[in-house]
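Asker: Quick note, the sequences are listed as chains A and B, same order.
If you're matching positions, the first sequence starts at 1 in our numbering and goes up one per residue.
If you're matching positions, the second sequence starts at 1001 in our numbering and goes up one per residue.
None of these hints come from the bench; they were simulated from the model.
Nothing false has been slipped in among the hints.
Below are the DMTMM-like pairs computed for lysine to aspartate or glutamate, each with C-alpha atoms no more than 25 Å apart in a straight line: (1) B:Lys1027 x A:Glu35; (2) B:Lys1150 x A:Glu19; (3) B:Lys1150 x A:Glu10; (4) B:Lys1150 x A:Asp9.
A quick note: this is a predicted structure, and the numbers were derived from the prediction, not measured.
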Amino acid sequence: MSEPLDPTDETLGRRLAAELPRHAAPARLRASIAEAMTPRPARTWWLAPALAAAATALVLVLFFVPLLPRIAPADPVQRLARAVVSEHTRALLWGSRQPEIAPAGWEWLSQESGISLPKMFAGDDRLTLIAAEPVYLDQRRGVALYYRDVDGHQVTYVVLPAPKGVRIAPNDSRRVRIADRWRPALLVDNGFSLWAWNQGELICFIVSDMVSATDLEQFKDYFVRLRTATEPRPAY
Amino acid sequence: MSDADFRRQSLEHLDALYNFAMYLTRKPAEAEDLVQETYLRAYRFSHRFEQGTHLRAWLFQILRNTFLTFYRLREREAPLAEDGVPDWDAPMFHEAPDDDPRVLEAHTDLERALRRLPEEFRTVLLLAEVEGLPLEEVAQVMACPVGTVKSRIFRAKERLRTLLRDYEGK
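The following block holds chain A by itself, in its conformation from the complex:
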């Protein structure tokens, strides 16, 4: 028979208090708790609304930027040059719309473009005529002749009626003397080089992606070939 249990046994309680080892909290625990309980300085009250407003403004700007009117160049020649470059880029990316060249097509081309070409450069050992077609650039009908050189550069020759009063000034700083005979203006737009000159009532452009110093010498040669062998005139 087991001995009776004493419900008021205080000996065991004292043993527990005295014999059980006590574990002290590590100092790092005390430090981390004290730090976690320290209130952080309140954030500047205007920061959140300012950030929200800035983010909203940014979203609105990004949304409306495509709807804003494009800034057109003030110089009408430069504006035409930009339209010519766009046409050149389009042909470069997706080809011309009238890829077939047939002698019977010249009459049609002249009617459609309003530009006749009694004499035109039909290609040689360096340049190959690949297409000719009427174009409508900057609200003007004109003609575009597309060539490709032996190195794969596309060269686009564009003739448009010159807007009234738009001429490249004789003293324009962009003019370049070529072969002591011509002084076309060398323009640069969107990474492309252009020769631009007035020919009677017309304004002519030759555009290509030849922009390096070496390529520009070659580009001058192309200008001479095209300029010498092509005579555009207004058809009407």
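Please arrange chain B on chain A, whose structure you already have, making use of the hints.
Answerer: Same frame as chain A, now just chain B:
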């Protein structure tokens, strides 16, 4: 009570809380986590602390509740049968195995015997006898009437004495 007062007064009980957590979890790392979580909860809900009541009992109560909810949940997830189906017959609270190197070693028969007590008995002895909390505060911590606390202390001591007798007989 201001935040600074609450912080200062609550940190006075850190050692007692850590000691209690050590006897509950038996692992220093888990005891630290448990105490840290206890203080974070206490600080978050400090506005609910009623001025004039016992802060120490309130902190012990948070610690024990955190232990029961957080640690028991984890213990409940652990015992899975091999087929992946929970073994519902397994006890909800498990003694950490003694061969676990992270477990603090028991040096005396008293410690070994205490470890073998169910959590309710161990807690009541630790609070009443080791930490010296009055029965009313122990009742607050354990969310039960004072009479129940007395009964548990009686039964805990009875169980503890039996275990000690077994150890001494070996």
